[in-house]
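Student: Construct all of the structure, not just a fragment, from the sequences and the given hints.
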Amino acid sequence: DTAVSQTPKYLVTQMGNDKSIKCEQNLGHDTMYWYKQDSKKFLKIMFSYNNKELIINETVPNRFSPKSPDKAHLNLHINSLELGDSAVYFCASSQVGVTDTQYFGPGTRLTVL
Amino acid sequence: AQSVTQPDIHITVSEGASLELRCNYSYGATPYLFWYVQSPGQGLQLLLKYFSGDTLVQGIKGFEAEFKRSQSSFNLRKPSVHWSDAAEYFCAVGAAGGFKTIFGAGTRLFVKA
Numbered sequence: 001d002t003a004v005s006q007t008p009k010y011l012v013t014q015m016g017n018d019k020s021i022k023c024e025q026n027l028g029h030d031t032m033y034w035y036k037q038d039s040k041k042f043l044k045i046m047f048s049y050n051n052k053e054l055i056i057n058e059t060v061p062n063r064f065s066p067k068s069p070d071k072a073h074l075n076l077h078i079n080s081l082e083l084g085d086s087a088v089y090f091c092a093s094s095q096v097g098v099t100d101t102q103y104f105g106p107g108t109r110l111t112v113l
Numbered sequence: 001a002q003s004v005t006q007p008d009i010h011i012t013v014s015e016g017a018s019l020e021l022r023c024n025y026s027y028g029a030t031p032y033l034f035w036y037v038q039s040p041g042q043g044l045q046l047l048l049k050y051f052s053g054d055t056l057v058q059g060i061k062g063f064e065a066e067f068k069r070s071q072s073s074f075n076l077r078k079p080s081v082h083w084s085d086a087a088e089y090f091c092a093v094g095a096a097g098g099f100k101t102i103f104g105a106g107t108r109l110f111v112k113a
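Protein chains in written order, with the numbering used here: chain F, 1 to 113; chain D, 1 to 113.
No lab work stands behind these hints: they were computed from the structure.
Watch out, some of these pointers could steer you wrong.
To spell it out: a stretch of chain D is covered by chain F in this simulated footprint if at least three of its residues, at any positions, have a beta carbon under 8 Å from a beta carbon of chain F; those stretches are [what the hints assert, rightly or not]:
no.	region
1	43–49
2	82–94
Quick list of the computed label-pair ranges, beta carbon to beta carbon [unchecked claim]:
no.	chain 1	residue 1	chain 2	residue 2	range
3	D	110	F	67	29 to 35 Å
4	F	67	D	17	43 to 49 Å
5	D	10	F	14	43 to 49 Å
6	D	64	F	42	24 to 30 Å
7	F	16	D	42	29 to 35 Å
This one's a predicted model, so the numbers in the text were calculated from it and none came from an experiment.
Heads up, the beta-carbon is just placed ideally off N, CA and C, and yes, glycines get one too.
Tutor: Following this line, the structure appears as structure tokens:
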């Protein structure tokens, strides 16, 4: 059983389009995250949600809007895609204050043409 | 400022040789320290973590790391490297009950036969 899953695994789209990436965790964790990994493998946190509430927003453009319908899901919607949005996006989850260890999904490779 | 430095962008070792990957951190509070491994096209997998107690921690796949507070370091070691260890390795630092984990830029490990 996959602990943290993301869909889709690959996403190729044109500039200006709107797209969504979905993330689900079955670990019972209360906190979920979105990270962006650029072409140089640098991993940067974008958002953190705890019990469906936004905790961290790392100066991400407004075109990125996370949504957490429940504790097990954190989706990422991106409007008006730009070339610079091309990257691998990772979802992760943790149980803050218990293990504080983040478990990562397999990633979604987004390519904007 | 909180930061994680991995001084080596890439390292090449021979199969069977020992390995040490360096990690230095800057963190205001008592740090939680992690090492993750990322195989090509995969998500991040936790190798080991340090929260408190014994400063030498054992992880999966034969890895260990030593926390040295005086040097603000958390270096990863393995006595004998296998070809399957070729991957990207990330050091990370966070705080107990915190929602933000900061990752280093990663060290790419190449293993030669």
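Student: Checking each numbered hint in turn, tell me which of them this model violates, lowest number first.
Tutor: Of the numbered hints, 3 and 5 do not hold.
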